[in-house]
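Now for the letters of each chain:
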Amino acid sequence: MFKTIILSAFGAGLVVAVALSAVQAVTTEPLLFHAETFENAEPAVAAAAPHEHATGEAHTHDAAPAAAEAAAPAHEHDADEWGPSDGFERSAYTFLANLLMGVGVSAILLGLMSIRGGSINARTGVLWGVAGFFAAGLLPSLGLTPELPGTPAAALEARQIWWLSTVAASAIGIALIVFAESVLLKIAGLVIGVLPHVIGAPVPPSLEAAYPAVMAAEFTSASLVVTALLWALSGICAGWLYQRLSRSA
Amino acid sequence: MTQFSKTATSATVIAAGQAQTGARMIPALVAVAFGIFLFVGTGFAAPSMVHNATHDTRHALGLPCH
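Sequences listed follow chains B and W, in order. My numbering puts the first residue of the first sequence at 1, with every later residue one more than the last. My numbering puts the first residue of the second sequence at 1, with every later residue one more than the last.
Hints listed in this document are in silico derivations from the structure and should not be mistaken for laboratory results. There's no promise every hint is true.
[As the list claims (entries may be wrong)] Among the chain B residues that face chain W by a calculated CB cut under 8 Å, a handful are:
1. 26
2. 83
3. 98
4. 100
5. 103
6. 130
7. 134
8. 137
9. 142
10. 159
11. 240
12. 243
[Stated by the list, open to error] Stretch by stretch, here's where chain B covers chain W in the computed footprint (C-beta under 8 Å, at least three residues):
13. 40 to 47
14. 54 to 66
[What the hints assert, rightly or not] Pairwise CB distance ranges, derived in the manner of DEER restraints:
15. B:89 to W:40: 20 to 26 Å
16. W:29 to B:40: 43 to 49 Å
17. B:200 to W:37: 38 to 44 Å
18. W:37 to B:117: 19 to 25 Å
19. W:29 to B:190: 35 to 41 Å
20. B:165 to W:33: 16 to 22 Å
21. W:33 to B:185: 21 to 27 Å
22. W:33 to B:41: 30 to 36 Å
23. W:37 to B:181: 30 to 36 Å
24. W:46 to B:217: 52 to 58 Å
25. B:246 to W:22: 17 to 23 Å
26. B:191 to W:21: 28 to 34 Å
27. W:37 to B:172: 17 to 23 Å
28. B:221 to W:41: 23 to 29 Å
Since this is a predicted model, take the numbers as computed values, not measurements. Virtual Cβ for every residue (Gly too), placed ideally from N, Cα, C.
Sequences and hints are given; from them, build the entire structure.
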C-alpha cells in the first residue's frame, strides 16, 4: 500500500507541478516581479529619511519614515547569498518547489484517506483536497494574508508558528465537524477551528507598503486560487491514480 | 456449522480486520509524515539557499516568507 501511495503521490505531484507552474506564470509571477521592482527601488527612499537642512534644524519628512519603516523589516537580501537568476533558472526552481509541494500534499491526502478508510478515488480525493485547502489555505489567510515581497510583517518565526498551528487546529476542527458523531464533539471542532483567530496572528509593524494597494488585493486572490488548485488537483489526481494502481496491483 | 465454529470464525474475521487496520495504519502514517516533511521542507526551511530557490512558490501559496 505504501508503494502505491508514494507512486500515486509522485504521479499526481508531476501533474500538479505542471498545472500550478502554468497558472502561476500568468497570475502570481507577474505580480511578484512587479512588486520586486518597488522593493528594489526602496533603499533610495530609505536613505533619504532623516536629514538636516541648511538651517541646522534636524527633522524627518512624513512620507519617508513610513516607507522606510515599511521596507526595513520586510525583505532583505544579502548580495552574497545564492539565489536562482531570473529567467529559466528561477522558473525551474519554482517548478521543482511546486513538484515537491504537489507530491507532499498528495502523500498527506492519501495517507489521511487511508487512515480514515473507505474508498479512495478522484471523487473522494477532491473532497479531501478541498478540506485541505480550507485548513492550509483559506483559514490561515484570514490572519496572515498572502503577501507580496516588500510587505511589512511581524517576525518570520512568529508568523510561521501561527500559520502551522492554525493549519493543525483547522484540520482537527474540520475533521471533528465532518466525522464526529456527537454534536458536542462537532461543537468542540468548531471552537478549535476558531481559536487561532481569537488568539490572533502576529501583527505587522506597519500597514504601509511601497507597491500600489490594488496589487496586494490582486495577489491575494491569485494566491488563493493557486492554493486551491494545489490541494484540489492533488486530491483528484492522487485519488484517481491510487484507485488505478491498487486495482492493477 | 456448530455454534463454536461460528464464534471462532467471526473471531478470526475480527482479528483479521484488526490486523488489516494495523497493516493499513503504519504505511498511512508514514505517508502523512513524508508529505508533511516535503511540505514543511519546501515551504518553511530556513537556509537562505532553500528560501531563495522556493521563494516564488512560498509567496504563491500564501506561506509566511521573509
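Here's how the hints hold up against the structure:
1. Hint status for residue 26 of chain B relative to chain W: violated, with the closest Cβ pair at about 12 Å, above 8 Å.
2. With a least beta-carbon distance of about 3 Å to chain W, the hint placing residue 83 of chain B at the interface is held under the 8 Å criterion.
3. Interface hint at residue 98 of chain B: satisfied, since its Cβ lies 6 Å from the closest Cβ of chain W, which is below the 8 Å cut-off.
4. Hint status for residue 100 of chain B: holds, given a least beta-carbon distance of 4 Å to chain W, under 8 Å.
5. With a least beta-carbon distance of about 6 Å to chain W, the hint placing residue 103 of chain B at the interface is held under the 8 Å criterion.
6. Checking residue 130 of chain B against chain W: minimum C-beta separation of about 16 Å lies over 8 Å; hint violated.
7. Taken as an interface hint, residue 134 of chain B does not check out: its beta carbon lies about 13 Å from the nearest beta carbon of chain W, beyond 8 Å.
8. This hint holds: residue 137 of chain B has a C-beta 6 Å from the nearest C-beta of chain W, less than the 8 Å allowed.
9. The interface hint given for residue 142 of chain B is broken, as the beta carbon of that residue sits about 11 Å from the closest beta carbon of chain W, more than 8 Å.
10. At its closest, the beta carbon of residue 159 of chain B sits 4 Å from a beta carbon of chain W; the interface hint therefore holds under the 8 Å criterion.
11. Interface restraint check: residue 240 of chain B against chain W, minimum CB-CB distance 17 Å, threshold 8 Å, status violated.
12. Contact between residue 243 of chain B and chain W, as hinted, is not supported at the beta carbon level, the nearest pair being about 16 Å apart and thus beyond 8 Å.
13. Beta-carbon proximity to chain B at under 8 Å applies to 5 residues in the segment 40 to 47 of chain W; the threshold of 3 is reached and the given coverage holds.
14. Coverage of the segment 54 to 66 of chain W by chain B holds. Counting CB-CB distances below 8 Å, 13 residues qualify, and the rule asks for three or more.
15. A hinted range of 20 to 26 Å holds for the C-beta pair residue 89 of chain B and residue 40 of chain W, which are about 24 Å apart.
16. Here the CB-CB span from residue 29 of chain W to residue 40 of chain B is close to 45 Å, well matched to the stated 43 to 49 Å.
17. Range check, residue 200 of chain B to residue 37 of chain W: Cβ separation about 29 Å, and the 38 to 44 Å hint is violated.
18. In this structure the supplied range 19 to 25 Å holds for residue 37 of chain W paired with residue 117 of chain B, their Cβ-Cβ distance being about 24 Å.
19. Residue 29 of chain W and residue 190 of chain B have their C-beta atoms about 26 Å apart, which leaves the hinted 35 to 41 Å range violated.
20. Separated by about 18 Å at the C-beta atoms, residue 165 of chain B and residue 33 of chain W satisfy the suggested range of 16 to 22 Å.
21. Distance hint check: the CB atoms of residue 33 of chain W and residue 185 of chain B are about 25 Å apart, consistent with the given range 21 to 27 Å.
22. The given range of 30 to 36 Å is broken by residue 33 of chain W and residue 41 of chain B, whose C-beta atoms sit roughly 44 Å from each other.
23. Distance hint check: the CB atoms of residue 37 of chain W and residue 181 of chain B are about 32 Å apart, consistent with the given range 30 to 36 Å.
24. Judged by the Cβ atoms, the range 52 to 58 Å given for residue 46 of chain W and residue 217 of chain B is violated: they are separated by roughly 30 Å.
25. Taken as a hint, the range 17 to 23 Å holds for the pair residue 246 of chain B and residue 22 of chain W, whose Cβ atoms sit roughly 18 Å apart.
26. Judged by the Cβ atoms, the range 28 to 34 Å given for residue 191 of chain B and residue 21 of chain W holds: they are separated by roughly 30 Å.
27. Between residue 37 of chain W and residue 172 of chain B the beta carbon distance is about 20 Å. The supplied range of 17 to 23 Å therefore holds.
28. Hint check: residue 221 of chain B to residue 41 of chain W, Cβ distance near 27 Å, so the stated range 23 to 29 Å holds.
Checked against the numbered hints given earlier, this structure breaks hints 1, 6, 7, 9, 11, 12, 17, 19, 22, 24; the rest are met.
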